[in-house]
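With these hints in hand, go ahead and build the complete structure from the sequences.
Top to bottom, those sequences are chains A and B. Read the first sequence against our numbering and you will find it ends at 889, with the numbers running on by one and no gaps. Read the second sequence against our numbering and you will find it ends at 889, with the numbers running on by one and no gaps.
Among the hints, a few may not be true.
What the hints assert, rightly or not - Beta-carbon label-pair distances, calculated as ranges:
#1 B:GLN883 - A:GLY712: 20 to 30 Å
#2 A:GLN784 - B:ASP732: 31 to 41 Å
#3 B:THR797 - A:GLU731: 49 to 59 Å
#4 A:TYR764 - B:ASN831: 17 to 27 Å
#5 B:ASP732 - A:PRO759: 37 to 47 Å
#6 A:LYS734 - B:THR730: 48 to 58 Å
#7 A:GLY733 - B:GLN769: 28 to 38 Å
What the hints assert, rightly or not - Below, a list of computed lysine-lysine pairs in the DSSO-like style, where the Cα atoms sit at most 27 Å apart:
#8 A:LYS707 - B:LYS865
#9 A:LYS707 - B:LYS858
#10 B:LYS768 - B:LYS804
#11 A:LYS811 - B:LYS713
#12 B:LYS707 - A:LYS804
#13 B:LYS707 - A:LYS858
#14 B:LYS768 - A:LYS865
#15 A:LYS811 - B:LYS707
#16 A:LYS865 - B:LYS865
#17 A:LYS734 - A:LYS768
Everything labelled a hint here was simulated from the structure, so no lab data went into it. A virtual CB, placed ideally from N, CA and C, is assigned to each residue, including glycine.
2 protein chains.
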Amino acid sequence: MRETLLVKSIDLGKAYRLLYPKTVVIATVITEDGKPNAITLAWCMPLSAQPPLVSISIAPSRYSYQLLKQVPEFVINVPTTELLQTMWICGTVSGRTTDKLSLAKVTLEPSKRVRPPRIQGCAAYLECRVVNELETGDHVLFVGEVVHAEVDERLFDSKSARYNTKFYKPILQIGGPLFTTTSQELLRPR
Amino acid sequence: MRETLLVKSIDLGKAYRLLYPKTVVIATVITEDGKPNAITLAWCMPLSAQPPLVSISIAPSRYSYQLLKQVPEFVINVPTTELLQTMWICGTVSGRTTDKLSLAKVTLEPSKRVRPPRIQGCAAYLECRVVNELETGDHVLFVGEVVHAEVDERLFDSKSARYNTKFYKPILQIGGPLFTTTSQELLRPR
Chain A
700 MRETLLVKSI
710 DLGKAYRLLY
720 PKTVVIATVI
730 TEDGKPNAIT
740 LAWCMPLSAQ
750 PPLVSISIAP
760 SRYSYQLLKQ
770 VPEFVINVPT
780 TELLQTMWIC
790 GTVSGRTTDK
800 LSLAKVTLEP
810 SKRVRPPRIQ
820 GCAAYLECRV
830 VNELETGDHV
840 LFVGEVVHAE
850 VDERLFDSKS
860 ARYNTKFYKP
870 ILQIGGPLFT
880 TTSQELLRPR
Chain B
700 MRETLLVKSI
710 DLGKAYRLLY
720 PKTVVIATVI
730 TEDGKPNAIT
740 LAWCMPLSAQ
750 PPLVSISIAP
760 SRYSYQLLKQ
770 VPEFVINVPT
780 TELLQTMWIC
790 GTVSGRTTDK
800 LSLAKVTLEP
810 SKRVRPPRIQ
820 GCAAYLECRV
830 VNELETGDHV
840 LFVGEVVHAE
850 VDERLFDSKS
860 ARYNTKFYKP
870 ILQIGGPLFT
880 TTSQELLRPR
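Right under this line is the structure:
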């Protein structure tokens, strides 16, 4: 076991980075008159199995925040490393001023139970309706009830409800423009 | 880009698994009379950079939930693969009935600004005070303000606020008793 002699204090404004790498997802949202937008997020996590609740956290300055307030529905699109460039553009360009979906070469297709469309070629989709929100400092946490979910069955075993990490390559953000994915290693506690 | 023909619907109660693998952390908490406990959690994420807020999500049935209601302070201990066995025991045995810290071979040391101690040998520590909580289905989300943070400087570059994934090996839960870690691969969008 490592000694902790080399541990040092860090700036609290960067403390969140100690919880990285984080899997990135792309949330799709829509305007009242049907114009879609997409935003890349690393702050996304489950909140409840039953009822099925998940959360995404968005800064109020973002265009997608504004759309979510208009139409309280979103899709969590789970990209793989094949969509690295798309993920990056959706996270760094604003849909308020730019047609980022074209720029990011996103192909949309209809969702099953919510208005925002989904992004073709992702590993999984969680279609959500906002049921609650919580202001937390510089972000707002949106609680979404999952009303429909789909996954690429080549990547996920439905029986054990687990990805096959031999094939599934999520995008994990290390920080800023640096990303990695999972190892092939399987670790099993005794 | 993959076609989505092979995408299939899944049971909504398992939808949260589509957001896995998730990095696991071990939260330490303490009773009013100073007895510590530890709980392994995969549902943990940042909520705000400034002020520094993070969240952990715990089911009300857990002993650590009860302790957190008594003493609203916790430490997020970020383990590496070296602590695989400790992590597993802290996540599967209840401190209500068992001396799980001994069983898990945990060595505790004092924290700097909160009462719950921290676990020696972890990569990072986020010392938190509960500032809010939100009931979300079968779990409760605790919002913690980070009042002190430390990291092993051999694993983390303070200037860029990024782990060096060549050395840092987080434990990522795939689901149930299966875990993996990050790849050595560095991915950079153009």
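We went through each hint and held it up to the structure:
The given range of 20 to 30 Å is respected by B:GLN883 and A:GLY712, whose C-beta atoms sit roughly 29 Å from each other. At roughly 55 Å, the beta carbons of A:GLN784 and B:ASP732 sit outside the given window of 31 to 41 Å. In this structure the supplied range 49 to 59 Å holds for B:THR797 paired with A:GLU731, their Cβ-Cβ distance being about 55 Å. For A:TYR764 and B:ASN831, the hinted distance range of 17 to 27 Å is satisfied, since their beta carbons lie about 20 Å from each other.
For the hinted restraint 37 to 47 Å between B:ASP732 and A:PRO759, the CB-CB distance of approximately 42 Å keeps it satisfied. Checked against the hint of 48 to 58 Å, the C-beta distance between A:LYS734 and B:THR730 comes to roughly 54 Å, which is consistent with it. A hinted range of 28 to 38 Å is violated for the C-beta pair A:GLY733 and B:GLN769, which are about 50 Å apart. This hinted pair checks out: A:LYS707 and B:LYS865 have alpha carbons roughly 19 Å apart, not beyond 27 Å.
A threshold of 27 Å between alpha carbons decides the hint, and for A:LYS707 with B:LYS858 the separation of about 13 Å falls inside it, so the pair holds. For the proposed pair B:LYS768 and B:LYS804, the alpha carbon gap of about 26 Å is at most 27 Å, so the pair holds. Taking the CA atoms of A:LYS811 and B:LYS713, the gap is near 18 Å; set against the 27 Å cutoff, the hint holds. For the proposed pair B:LYS707 and A:LYS804, the alpha carbon gap of about 24 Å is at most 27 Å, so the pair holds.
Using a Cα cut-off of 27 Å, the hinted pair B:LYS707 and A:LYS858 holds, with the two alpha carbons roughly 13 Å apart. Straight-line distance between C-alpha atoms of B:LYS768 and A:LYS865 comes to about 41 Å, which puts the hinted pair past the 27 Å bound. Proposed proximity of A:LYS811 and B:LYS707 is supported: the alpha carbons are some 12 Å apart, at most 27 Å. About 20 Å separates the Cα atoms of A:LYS865 and B:LYS865, which keeps this hinted pair within 27 Å; it holds.
For the hint pairing A:LYS734 with A:LYS768, the CA-to-CA distance comes to about 14 Å; that is within 27 Å, so the pair holds.
In this structure, the hints that do not hold are numbers 2, 7 and 14, in rising order.
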